[in-house]
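> Protein chains in written order, with this note's numbering: chain L, 1 to 368; chain P, 1 to 339.
What the hints contain is simulated information worked out from the structure, not anything from laboratory work.
Nothing here was measured: the structure is a model prediction, and the numbers come from that model.
Honestly, I wouldn't trust all of these hints.
Said to hold, decoys possible - Covered, in the sense of this in silico footprint (three residues per stretch, anywhere, with C-beta under 8 Å from a C-beta of chain P), are these stretches of chain L: (1) 44-57; (2) 98-107; (3) 146-155; (4) 300-311; (5) 344-353.
Unchecked claim - For the chain P half of the interface with chain L, some residues (derived, Cβ under 8 Å), not all of them: (6) A20; (7) L50; (8) A264; (9) M313.
What the hints assert, rightly or not - Here's a subset of chain L near chain P, in silico, CB distances under 10 Å, partners left out: (10) V6; (11) A14; (12) F64; (13) E175; (14) H178; (15) R206; (16) A208; (17) A282; (18) G283; (19) P322; (20) D363.
Beta carbons: idealized from backbone N, C-alpha and C, even for Gly.
One-letter residues, chain by chain:
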Amino acid sequence: MSHPTVNAETLLAAWQASGALAPDAATRVGTAIQADAAQDRPPLHLKILSAVGTLLATGFFFAFLAVADLISFDSGSNVLSWGVAFLAVGIGLTLALPRAAAGIGREVLGQVAFTAMALGKVMSVAGIILLDHGNTHWLPTAAILAVTLATYPVSGSSLDRTLSPYAVAVAALVEILHRGGAAPSLAVTALFTAATVVAGLLLLSRRAPLALRPVGIAALGAMGTIVSILASGVDVGLWASRAPLDPRLIEAVLTLSLVGAIAWAAGGIDRLSRPALAAATAGVVLLGLAGTPGIGFALLVLIVGHALHDVPLRVVGILALPVFLVLWYYGRDLTLLEKSATLVGSGALLLAGRLVMARAGWDRETAP
Amino acid sequence: MNQDVIEAPALAAIRMDRGAVDRLAARGLISAEARDQALALIEPPRRWGLWAGRLIGTIGTALVLAGILYFFAFNWAHVPPLAKLGAIAAMIAAAVVTVAVIGFERAAAGPAAAAAVTLVGVFLAVAGQIYQTGADAWTLFAAWAGLTLVLALLAGSAAAWAVWLAVVAVAIHTWWDQTQPADAAFHTGRNLSLMAFLAVALVIREVLAARGFAWAAPRWTRFYIAVPLLAAAAQLAFFLLERFRGFGPAEWAAVGIIPLALLAMGAVYRHLRPDVVTLAAVALAACVIADFGLFRLFVGGSRRADMGALFLMGVATLAMFAAAVAWLRSVSRQMEARP
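Just chain L, same shape as in the assembly:
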């Protein structure tokens, strides 16, 4: 299903016709749109190509440093010094990048900067952990956070800006799950709630700076990681969490965030009283009561991705939905006959909902 194509000229005309844009502002906005369109934003396929190159080059340089005995993995200060040096090179090159002439030289500079930054981050954090001998709780998380805070403002790569905060969240999750503690379920719920709030504020709020959107995506990734542990059941989930986690509070937070996302996409909480949206809200509440955090999360990603017109998010949602559906039905402690009845029953319920939508005309682009 493709989106309708609206060009800037049509949009400016529509704004002027409705009075949303004063005639004297049209030229200014038109110029801003042209300037914005002229900005060179690398598309996803170029980011992937660049990331693969960076990953391979980082591996080769890291192996070079190790084979050449330039790094001593017995010495935390040595590893940390190399890490800081690489970070300084990476930051310097990233700052110099906008002044470089477009062309292959600039791409090489960009790749070197990205590679140096990646090497610097990994080695700085590894150096700090080696210095401490793994004795201090939360130190790895604090080290990744410090490196992220130091590089985020200058980092030129949205992938880097997403992966670093995600690494902070994962380090915090590992700390909670593997260091134990009195109430890991509550701590994981608190982390999940914090990630939900950050994702909601940075992805859905109009006032959030666009530069912080990668942090919002990282928070969504952290939510997905927690949900994956819950949805993986006793096979993988328990291996990751080491002890059973109580999912009920997380499911409640997820259900609330799903309702919130629907309200946001619809344009306000008051619109949830409309029949179609009330039905959608009732559906997600039922989903929450059924204990399906994975399916709920996949739907959340799909809704946010669809509303933001974000292709990678939509692809993740589309791929995650069948995976979590299979995990949920696989994880139920039911006989094959009971599973069969559950599958047919839930499928029939959805098809009945589809029929209601068709009868009410909610599934048509034009009002019936």
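Based on these hints, arrange chain P on the given structure of chain L.
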């Protein structure tokens, strides 16, 4: 001067998306009212219903079908052979009748045709299990592909073709696995066969799409064939580079065919069917193969690399991928500038 800026396009040529509107709003250039109006134009509210309807319909159908499969699995031992085959045959008939009644052009015809193609395979597998024919698995897939070819041809559905192509690819794979000795020519022969089949499928897809067959035109159908083709080429290239000695005629042929295939795909998606995303996939495969080739060259057949080789590999990798990105950027701009 900011080098991130390219030449400003005309307003009518700028496609507005949510990101562009959000950036205008973030800079305070448009009001909240103008932003809402723009978003309603870009994504009319009623399209959410269409989207949700399709999502619910697809998941609901998948769950009911899975439930039916579970029911058969639960009762399998108690179901008489004729009932097993009869039930599957009835489902095939239902899918075919659905396509015939609603018409090939309706959206539901595609999934129904794909279901019919899939169920023929289920029928053959069940028949093989009941009558214990002892035949190799590749004969099942070959028979499956042969029996469903006409249905796939008539259906004119991308989904049905996707299933059919996967069945043929598995038939080729299993034929090599089950009938050919695992000698030096095995990997080369298997991957070249797969590459040849996928290349023919890709050419047919492009010809049909160019001649206005709407079902063949969706972009995913191109990726569905091109990505496995590139993966087969890359895997074979890694295998050959790893061995690098004692090549027979098949291996020498592959040494010529792999770069030719990549060059041909590059030329087609650069000039004949401009598609920068597929071009990026070709560039990625070429870069990864070249990188591994260089590594083998630097280490000279040894299993361990010295520090000089590793440093050179790091530099070469950076240069190669940066060149690929720069070339793709330039191609992308030329494609956008084309009227």
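> Run every hint past the structure and note whether it holds.
Consistency of the hints with the structure:
1. 44-57: holds (count 10)
2. 98-107: Per the Cβ count (9), the hint holds.
3. 146-155: violated (count 0)
4. 300-311: holds (count 5)
5. 344-353: holds (count 9)
6. A20: Where the cut-off is 8 Å and the nearest Cβ of chain L is about 6 Å from A20 of chain P, the hint holds.
7. L50: holds (5 Å)
8. A264: This interface hint is violated because 20 Å lies over the 8 Å limit.
9. M313: holds (4 Å)
10. V6: holds (5 Å)
11. A14: Holds, because the Cβ-Cβ distance from A14 of chain L to chain P comes to roughly 6 Å (cut-off 10 Å).
12. F64: It holds, given that the least Cβ distance between F64 of chain L and chain P is near 4 Å, below 10 Å.
13. E175: Violated, about 33 Å.
14. H178: violated (33 Å)
15. R206: holds (6 Å)
16. A208: With Cβ-Cβ at 9 Å, under 10 Å, it holds.
17. A282: violated (13 Å)
18. G283: Since the shortest Cβ distance to chain P is 9 Å, the answer is holds.
19. P322: At 8 Å from the nearest chain P Cβ, P322 of chain L passes the 10 Å test, so the hint holds.
20. D363: holds (3 Å)
Figure legend: structure checked against the earlier numbered hints; hints not met, in rising order: 3, 8, 13, 14, 17.
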